[in-house]
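Trainee: Residues per chain, in single letters:
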Amino acid sequence: MKLKAFLPRDTTAQALGADQLATALQREANNRAYSLELVRNGSRGLFWLEPLLEVEYGEERIAYGPMTLAAVPSVLEALAIDPAAHPLYLGPVADIAYLKTQQRLTFARVGLGDPLCLQHYRSLGGFAGLENALRLEGQAIVDQVTESGLRGRGGAAFPAGIKWQTVLDTPCEQKYIVCNADEGDSGTFADRLLMEADPYQLVEGMIIAGLAVGATRGYIYLRSEYPRAKEILEQAIAHAGADQYLGKDIRGSGKSFALELRIGAGAYICGEETSLLNSLEGGRGTVRAKPPLPAIEGLFGRPTVVNNVLTLAAVTTVMEKGAAYYRDYGVGRSRGTLAVQLGGNVRRGGLVEVSYGATVRELVEGYGGGTHSGRPVRAIQVGGPLGAYLPQAQWDTPLDYEAFAAIGAMLGHGGIVVFDDSVDMAAQARFAMEFCAVESCGKCTPCRIGSVRGVEVIDRLIARESPREDLALLHDLCDTMEAGSLCAMGGLTPYPVRSALSHFPEDFS
Amino acid sequence: MLEGITNTVAQHIHTYREVPGGLLPLLHAIQDSVGYIPAEVIPDIARALQLSRAEVHGVVSFYHDFRSQPAGSHVLQICRAEACQALGSRALEAHAKSSLGIGYGETTADGAVTLEPVYCLGNCACSPSVRIDDEIHARVDAARLDQLLAQLGIGAVK
Ligand SMILES: Cc1cc2nc3c(=O)[nH]c(=O)nc-3n(C[C@H](O)[C@H](O)[C@H](O)COP(=O)(O)O)c2cc1C
Ligand code: SF4
Chain E
1011 MKLKAFLPRD TTAQALGADQ LATALQREAN NRAYSLELVR NGSRGLFWLE
1061 PLLEVEYGEE RIAYGPMTLA AVPSVLEALA IDPAAHPLYL GPVADIAYLK
1111 TQQRLTFARV GLGDPLCLQH YRSLGGFAGL ENALRLEGQA IVDQVTESGL
1161 RGRGGAAFPA GIKWQTVLDT PCEQKYIVCN ADEGDSGTFA DRLLMEADPY
1211 QLVEGMIIAG LAVGATRGYI YLRSEYPRAK EILEQAIAHA GADQYLGKDI
1261 RGSGKSFALE LRIGAGAYIC GEETSLLNSL EGGRGTVRAK PPLPAIEGLF
1311 GRPTVVNNVL TLAAVTTVME KGAAYYRDYG VGRSRGTLAV QLGGNVRRGG
1361 LVEVSYGATV RELVEGYGGG THSGRPVRAI QVGGPLGAYL PQAQWDTPLD
1411 YEAFAAIGAM LGHGGIVVFD DSVDMAAQAR FAMEFCAVES CGKCTPCRIG
1461 SVRGVEVIDR LIARESPRED LALLHDLCDT MEAGSLCAMG GLTPYPVRSA
1511 LSHFPEDFS
Chain Z
55 MLEGITNTVA QHIHTYREVP GGLLPLLHAI QDSVGYIPAE VIPDIARALQ
105 LSRAEVHGVV SFYHDFRSQP AGSHVLQICR AEACQALGSR ALEAHAKSSL
155 GIGYGETTAD GAVTLEPVYC LGNCACSPSV RIDDEIHARV DAARLDQLLA
205 QLGIGAVK
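Chains as they are written, first to last, in the working numbering: chain E, 1011 to 1519; chain Z, 55 to 212.
No lab work stands behind these hints: they were computed from the structure.
Please note: incorrect hints may appear among the correct ones.
As the list claims (entries may be wrong) - Residues of chain Z placed beyond 10 Å of chain E at every Cβ, according to the derived structure: (1) Thr62; (2) His68; (3) Tyr90; (4) Ala93; (5) Glu94; (6) Arg101; (7) Ala102; (8) Gln123; (9) Ala163; (10) Ala196; (11) Gln201.
What the hints assert, rightly or not - Simulated restraints, written as ranges between beta carbons of each label pair: (12) Glu57(Z) - Ser1084(E): 53 to 63 Å; (13) Gln1036(E) - Thr62(Z): 33 to 43 Å; (14) Arg1474(E) - Gln205(Z): 44 to 54 Å.
Keep in mind the model is a prediction, meaning the values are calculated, not measured.
Note that the Cβ used here is the ideal one computed from N, Cα and C, for glycine as well.
So that you can see chain E by itself, here it is in the shape it has in the complex (with noise of 0.2 Å):
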């Protein structure tokens, strides 16, 4: 028999024995004398069916999930007899509700085949809108990304287009484009897994950046705990070269751009734009002030683009498939969709795209299917560990950066991870202060010194001896590090613990 099959070999699938299986599928295989050609693809996101398996049969792909390794014989055996009579069987992926109902752009592409293979790329559509920006002026590039909506997704929401266009309008000899992709917030992997599973779409979204404002030099900036992102966009970034899409005279265009991987060194901080641009240029992850803004004074002083991996990656689309297609999607002034990442104790955790507009619930309880414990959800942390704790009474609101806002809260880089009844949120809220404290940069006393007094007032707080008085000292702290902080890591780190405090106020007493 003659097999086709899928294993992804990104971090989640790994991480729960993919490449043990690996092995395994193709030791057994060769047992039956089966032909089986093993495609390690990136994951499709649907990580609680991880590692899942997927096989070519007819013009279909079906699903076996999650895969053990107990379970190898028996699926190829199904496979030579009656495919859908094994209890791991999900039927075709396409099908699979939770695929099904996304609306994929950025992750369009992500789990069909080998990350690293150009051609599977380009089949798919992949450097289409590289083709037509190379066609194009600066300007009319930066007009597009302006026209379709697009926000920043590393958590601020700034326009796109606003910030390539500083660039461009400010002239200089050497510009450059900075990907961040120091994805620290708890709860999300959005970006992991994009550059693991289609990692050419950065590396596309970053030349048209380029070419739109006139930068000839790039840098991923890369946390250091994504080690198989790293490999993986080694490798791209070498065949993207060879392939004469990166370097001098890109695909015979006449225009250059050099990109370069740089990898983190464990500092949550260094996501902050100004702080990651100390960092590339080997130096102390400490803040900057603005202004000057990094669109005109960045990188080494010079005029930088800093986006987060989604935003660079959403201009691909745009270039693609035009200003309007992408700006149909979305409410409000929140245009396109939303990588909504499901984690901790939920049922189906995994990447979640949709429009944005989705209410907070549809997420938890529709995609999610509540927590992964069993017991009821309690309390629901938004936009990473700088984002508030939603109350149930906060879950029917929709995933827009402005209605967040108006409740309090953050939609951050689109992390969502849920807790059950068992959650002691005084100790989440003391944790909130304690990360401050490890993390700060150490630029401004609020931050700095204010979390260390944070988890000590906590403490106390929790001990109950002066509980009044700790509690107005609290607030008090809370005033100080969001109106003295520089920066949005004292300045947010209220959130999670004020949230805390209102809505489960039984959990301080």
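Once you've looked at the hints, dock chain Z with the ligands against the given chain E.
Mentor: Relative to chain E, chain Z with the ligands alone:
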């Protein structure tokens, strides 16, 4: 021993001294090959990159990744961030500390393993996560951690 290190470091310095912003890649290269950033090499780095020793030391000490002491044969990182907390990482941390008999930032007496905290490994849909050297493991409870460590020949202290 130190002479070997100095030679290795000299080669890395040669590779990175002209690279714009090359200090971080240089420190990574040194740590990857030597295992840590020995205090003895800081003056060489400073001289080559035209920085003060204090500046180089400042960079080394700013980042959690860079070590001034050698680590154990293996490095175990346990994710302390919220997604993993939601599925019991606090208990996992406590288990690791008590069974290895060390705290964060410490190495077992036999030099087998160094324990470190990490804030997110990007594997938040399958928590709790740990990293052992360059491998990430998902859905790790106490029993699974013991199993992973046993595969490396590391047992509990008691
Ligand atoms: C403490 C802190 C951490 C941040 N971490 C990240 C990060 O990991 N990734 C990211 O893209 N942006 C992060 N940001 C946002 C960046 O400062 C910046 O807004 C972003 O890189 C701009 O790109 P975008 O407009 O495409 O989002 C962080 C900001 C702060 C204050
Ligand atoms: S708020 Fe904290 S992290 Fe931000 S600049 Fe101030 S000290 Fe640094």
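Trainee: A separate judgement is required for each hint: does it hold in the structure or not?
Mentor: Each hint, compared with the structure:
{"no.": "1", "hint": "Thr62", "verdict": "holds, 19 Å"}
{"no.": "2", "hint": "His68", "verdict": "holds, 16 Å"}
{"no.": "3", "hint": "Tyr90", "verdict": "holds, 13 Å"}
{"no.": "4", "hint": "Ala93", "verdict": "holds, 18 Å"}
{"no.": "5", "hint": "Glu94", "verdict": "holds, 20 Å"}
{"no.": "6", "hint": "Arg101", "verdict": "holds, 15 Å"}
{"no.": "7", "hint": "Ala102", "verdict": "holds, 12 Å"}
{"no.": "8", "hint": "Gln123", "verdict": "holds, 16 Å"}
{"no.": "9", "hint": "Ala163", "verdict": "holds, 25 Å"}
{"no.": "10", "hint": "Ala196", "verdict": "holds, 16 Å"}
{"no.": "11", "hint": "Gln201", "verdict": "holds, 12 Å"}
{"no.": "12", "hint": "Glu57(Z) - Ser1084(E): 53 to 63 Å", "verdict": "holds, 58 Å"}
{"no.": "13", "hint": "Gln1036(E) - Thr62(Z): 33 to 43 Å", "verdict": "holds, 38 Å"}
{"no.": "14", "hint": "Arg1474(E) - Gln205(Z): 44 to 54 Å", "verdict": "holds, 45 Å"}
This entry satisfies every hint, going by the numbered hints stated previously.
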